[in-house]
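Chains as they are written, first to last, in my numbering: chain A, 214 to 627; chain B, 12 to 296; chain C, 245 to 564; chain D, 35 to 272; chain E, 3 to 254.
One should not assume that every hint holds.
Straight-line distance between alpha carbons at most 30 Å, and here's what the computed DSSO-like set of lysine-lysine pairs gives [unchecked claim]:
{"#": "1", "chain 1": "A", "residue 1": "561", "chain 2": "A", "residue 2": "314"}
{"#": "2", "chain 1": "A", "residue 1": "258", "chain 2": "A", "residue 2": "524"}
{"#": "3", "chain 1": "B", "residue 1": "98", "chain 2": "E", "residue 2": "139"}
{"#": "4", "chain 1": "C", "residue 1": "486", "chain 2": "C", "residue 2": "526"}
{"#": "5", "chain 1": "A", "residue 1": "269", "chain 2": "A", "residue 2": "600"}
{"#": "6", "chain 1": "D", "residue 1": "142", "chain 2": "B", "residue 2": "171"}
{"#": "7", "chain 1": "C", "residue 1": "555", "chain 2": "A", "residue 2": "314"}
{"#": "8", "chain 1": "E", "residue 1": "66", "chain 2": "C", "residue 2": "425"}
{"#": "9", "chain 1": "E", "residue 1": "55", "chain 2": "D", "residue 2": "169"}
{"#": "10", "chain 1": "A", "residue 1": "504", "chain 2": "A", "residue 2": "517"}
{"#": "11", "chain 1": "A", "residue 1": "547", "chain 2": "A", "residue 2": "505"}
{"#": "12", "chain 1": "A", "residue 1": "562", "chain 2": "A", "residue 2": "505"}
{"#": "13", "chain 1": "B", "residue 1": "288", "chain 2": "C", "residue 2": "558"}
{"#": "14", "chain 1": "B", "residue 1": "98", "chain 2": "D", "residue 2": "93"}
{"#": "15", "chain 1": "E", "residue 1": "139", "chain 2": "C", "residue 2": "558"}
{"#": "16", "chain 1": "A", "residue 1": "615", "chain 2": "A", "residue 2": "501"}
{"#": "17", "chain 1": "A", "residue 1": "510", "chain 2": "A", "residue 2": "524"}
{"#": "18", "chain 1": "C", "residue 1": "425", "chain 2": "A", "residue 2": "525"}
{"#": "19", "chain 1": "A", "residue 1": "240", "chain 2": "A", "residue 2": "600"}
{"#": "20", "chain 1": "E", "residue 1": "66", "chain 2": "B", "residue 2": "288"}
{"#": "21", "chain 1": "A", "residue 1": "600", "chain 2": "A", "residue 2": "525"}
{"#": "22", "chain 1": "A", "residue 1": "562", "chain 2": "A", "residue 2": "339"}
{"#": "23", "chain 1": "E", "residue 1": "60", "chain 2": "B", "residue 2": "288"}
{"#": "24", "chain 1": "A", "residue 1": "562", "chain 2": "C", "residue 2": "391"}
{"#": "25", "chain 1": "E", "residue 1": "66", "chain 2": "C", "residue 2": "555"}
{"#": "26", "chain 1": "C", "residue 1": "526", "chain 2": "A", "residue 2": "258"}
Just so you know, these hints were derived from the structure itself, not from any lab.
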Amino acid sequence: MRRLMSVLVGVLFLAMAIGPAWAGMDKLVIGFTMSQTGKFNSESKEQFQGLKLWAKQVNSEGGIFVRTVGRRFPVVFKYYDDESSKDRVQQLYTRLISQDKADFLISPYSSGLTASAAIIAEQYGKVMMATGAASDSIFNKGYTHVFQIYTPASRYLTDAMDILSKVDPKAKRIAIVYENSKFAKSVCTSAKKYAEKKGFKVVLFEAYDPGTTDFTSFINKIKATHPDAIIGGGHFADGETFTKQLYEQKVKVKLVSLLVAPAVPEFSELGKAALYVTGPSQWEPLAKFSKKTAKSKWFGPSSKEFTQAYKKAYGYVPGYHAAGGYAAGLVLQKAIEEAGSIKTNDVKKALEKMDITTFYGRIKFDTGKYYGRQVGHSMVYLQWQEKGGKLVKEVVWPLEAKSADLIYPFYKKY
Amino acid sequence: MLSAWLGAVLSGILLGLLYGLAAIGLNLIWGVMNVINLSHGAFIALGMFSSYFMAKYLHLSPFIGVFLVLAMGVILGMVTYFVSLHKIISAPELSTLLATYSVSLVIIGLGTFIFTTNPRAIDIALGSVSVGGTVLPTTRILTGIFSVIFTLWLYYFLYKTWSGKAIRAVSMNRDAAELMGVNTTMALALAFGIGVALAMTAGALAATIFPFTILSGGGYELKSFVICVLGGLGSPLGALLGGLILGLIENLVTLKIATSYVPFLEFAILVFILIVKPTGLLARR
Amino acid sequence: MGKGKTLFWLIPLLLVIVAIPGVSGSVTAREGVFLILMYVTLAVSLNIILGYTGYVSFGHIVFYGIGGYVAFYLMIFHGVHLIPAMIAGGIGAALAAFALGEAVLRLRGAFFAIATIGVNEAVKALVNNLNFIGGAEGLFFNFSIYKTYGGAARAIWFSYYTMATVTVVTIVAAYLIKKSKFGLGLMAIREDEDAAIILGVNAKRYKSLAYAASAFFPGMVGAVFFFKAGNIEPHDAFHLMKSIEMIFMVMLGGYGNVTGAVTGALVYERLKGFLLVNPLFKNLHMAISGVILLLIVLFMPQGIIGFIRDKSKKLRELLE
Amino acid sequence: MDQPTLKVENLETGYGEVQILWGIDLEVPPGNLTTILGANGAGKTTLLRAITGILPVWKGKVTFHGEDITHLSPHHRASLGLVMIPEGRMIFPEMTVLENLEMGAFTKRARAGLKENMEYALSLFPRLKERLEQKAGTMSGGEQQMLAIARGLMADPRVLIFDEPSLGLAPKLVIEVFETIQKLKEEGVTMLLVEQNVHLSLALTDYAYVLAEGKVVMEGTGEELEESEEVKKAYLGA
Amino acid sequence: MILQVEDVTKTFGGLVALSDVTFQVEEGEILGIIGPNGAGKTTLFNAISGVFKIDKGKVTFKGKEITRLPPNQRARLGIARTHQIVKPLNDLTVVENVMVGACFGQGNASLAEARDKAMEVLEFVGLQEKWEVLAGKLNVPEKKRLEMARALASDPHLILLDEVLAGLNPMEVSSMLEVIKAIREKGITILMIEHLMHAIMNVSDRVMALVYGRKVSEGPPQEVANNPQVVEAYLGDPDLALKLFKDKRRRG
């Protein structure tokens, strides 16, 4: 019996030792999990590719320069699959910190997973750049090591109202329809508040299930409320379906602005249904942020350079998840360079003070009650337009970044 | 308001027919071999991708490609049967549940690796028809028609061909069928093959209407459970009727209550019917 | 039905494993063992209904979710400490199971399995719409909640030892159930429900009680897990896939005995951990898990422990 | 003498680890009615399952028209013309009477003569003719037994095996079944019968075997056994 | 009078399995039930033990009406039975099988008591050497003994034996008959279905014959055995057999 026990214990220890456990002393280890499987697979992959591009560029110059040490540190990644599920996030982040000796962390994709990872980062006092996580709620929970790259959910759709009041002050009826998911719901709840504050009439405020495939009757319901604008959405699949069916049902509204879906390049597979749909995006290749219009100090490549480099590396034009991934690396790099140190506290201070503009937009963090929340960056609005018989994304908002004028109203396309 | 109701009914019927087709394969397999095929959803997703790639690379209209998908499905299903089910076909339910689930893991695992979970859509615009203020896209009407055609085909197959009759005989009494000279192993494999083929067919048709990922089959699988329980086990027509009921529920209920409650309603119906009349609402027995 | 010696080696072994992270101070080990403990508890408690009674509860994760939500709600809105909140979560799950059991346990075989999937999905869809518990957005802890437990670092250790306690209690309870008159009745139901009833077993009541018992522990596990995770969402709390993983673990180790469930959970957790981080397999771990599951179902239906214990009578006593 | 249609030599088999049959030898000559008698649990049904191939044979040999069929699958044996009318009828309840009959003619051999066999079967059982479109499961026990026999005939059998055809039937129907067997015998159909109704079967049979504890304990012509006290003892007690 | 069955009728989808069956069992007696296959004997046992609801009639046990009680409560009151098609709890050992009977039947024993009780009963039926074997691994005669032991372990007042002799060889039959007699000596009332006429004639105090769901005869064993209706049911109509026999002779 004792033998059996010792064998079992031995097996257990052996099993725990499996997996590489080295970490270079002369390298900067950046740890994160990504969703190689499960429902976040595609967004997470984009984000990862952006991050990888950044690392490649940094390492081609020999790494990040750390002033106090006086030399460059190349960047290495340690990452695991979190399966888009919360189960292992904490285990893997703990492993990244304690076993893989990660110096800095990047968040997983999605707010839910980030929230679980944040506890670990906070507990071990590791700086974590949160990208792909737009929720506001993580940032009033007392964390002091988590820094958000995305514009938070509360400001995602508010600009749609600003656009509307600018182009058509008479349009006052708004239908807000959204996917019943964490992200969409928090975005739309804030949008509703903002709309009401601005004097709009919210004629419909209703959620649909994430699994919804058929919107026909829902669209009939929307039609009956005669809105001027429809805003909302959720993720890609539902947004795409919804758009397709709006077109099929020939719904006559003036503005359609949806989360996520319009920003994804595959949206163009919808053909004419995609035309004139607008949507907020964290970043677009055509966004004309430049050194000239920047409200703060510029850092890193231009939009064009980033887009081209990405296209060269992966064969297609990047979306905002990729840009978010790249930006997370870039901001971290800037913070280390500013701090001149890789000590957490120094980097943290640099991040607190940071106010820069990059190809991705302005970056500045809240240091008050919502510590770490992104306050500098704002959404750009894109619209699908026709150019030479082809569907193209144009940036129409904010005006300083626009690549084309908004085509209004939406029903012009019928 | 009247037009809203009419629209809901019409699109409910069209969607319901598709749901029905999606459930028929599950129901056939359940009825014939008493196996709940937990890889049903994975095969639906495979059907979606088959249709997508045929449209994209062979420039084949999904409404023609669907016949190819059907043929492929039969072969794939039969292979799956021999690999994963044949050995345990008489074992307790748990074994067959887990075996089919493992098939699903393999398909979805490989699918995620190869296709990623990037959403895809087949861009096929065939115009639309307007009925009393409701616009019905042609693709939807076509999927409805095709669903009916495949159901009728299955009926013809099961009731008019020797192979079909053999499958029915096997479902009623395996030993007796064997004594009549039916190769029951092949009959079971064929039944599984057809069940899988119909799942893939439904996927191929759904892909013309809705965007999808490798994970999209899961939703149809869960709906298929509801449909099978509504329509009664083993009956293809029951599945079509169950699908119609579900399609109408989804469309009509939405007019009155918040859309986000629909899935709750569906699963509550599933559990309720199972408790009250486990053989299915429309079943004779 | 001998006295059995299983607990005499199983519990000490478990305690040794639990002590490893504390002694070595290795937080990586702690996280690993935490997950092992969690899986062990889930598998051992599922085994009460699946292995002892023979009912395939496919949507068993619903009780983990219910327990998680009850506890989370109490902790976040009423400031209840983890321990009472956890017990409340367990009781909530057990009550739900008992009530549900009276209705769905009439179904046998695959119908029961489908019904439990339906229950899980229905509850998930409902919670998605209930705004007082956060609806689709879920609930978040404020980081300061961990201050009550002496800061986040201590809170995580605390949740680790709590989980260990739950695991030990679960194993002992599952073992005692198996060795009791109640357990004998359950196993009679598993082997032949009609024969059991004829012999005088009140199958209806026994099944409901077994269902409640097998829901109680997952309810507590849910409470501890989401306490540690810091947030709870319907998608994570009622994840059907995890339900099936639980069955996988029981099958892997061996149906119907405590050691089997423990071994299954252990092997599964390590296997998955290995596949996830191994550079060769990490892209394909899901497909590989599928192949392994299929091989087990086809060629080793009695599971690892079942396979071993059939070898000799002595082992039968040690591996119950 | 002609070679026997069906021959069983030294057959042993059972379920799991439990052996039921311990070396059975038996012959069914062409054109004859051969009967197997025995108490419940003597192994009659097990023997038939081994002959039709539902149960694998452990040891021994089964030959059919001189061909070794010991390891053929049941459906393969059926296609050779070895046809059993199973105990408890085993009709297909959700199929119509017509479909049940058609299923009887499933094998390639039988399909060729489907029309003639159908006419023949229906002429034997005119009552079935009136109910061709009825679901078989809704018929009475007697009618189902008729259907089962008719379905067996549809297979164009080279040997027809009856497993307890009178089980659960009212006396009048039992007689009808035996009259049918008598008629088939007159037409020269080779048959193997397992029956509990000793008198009726012995009155009809050419040759009979008595099984007990998985062994043949007695055999002889119908007349010989009819007069044997031993048979009476086995079934009625002294 | 321990058991009273009045006008019990049960149909299965149009097929009448039991039709107005009425009889009584006295305390301590052995009542044998005979009848051809399909006569409704097992259905009658199911009605008494409560496996299904009867369509009509009344069952009274020890003065208490039990018509609507579920089977487990009837078992608790002291009705135990064996099954014609044995129902061993395959993955439990022989002793555990018997303990189920002891724990949940009339005896309502604790686990420890049940174990002793089980060993005792196993010795009584001659299975003591197999106590640790899994029930699924027993052969048919052993499984019959196991059924018997399980029923006995519950300390029943009435035991229903469904063809416990079928499939046994003469040696086993006689040893089983000894067991049955020994049970009676314990004061347990026995209701037994049997095909082996000489056996049932040998042990029964009274015999009842069922044919097609009806009681056709009841009384002392020899009287029932000689009842023409019973003889016809068992052997078929002798006249008809004779006629066919003669036809054959004539042709031959």
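* **Contradicted hints - numbers only** => 5, 7, 13, 18, 19, 20 and 25
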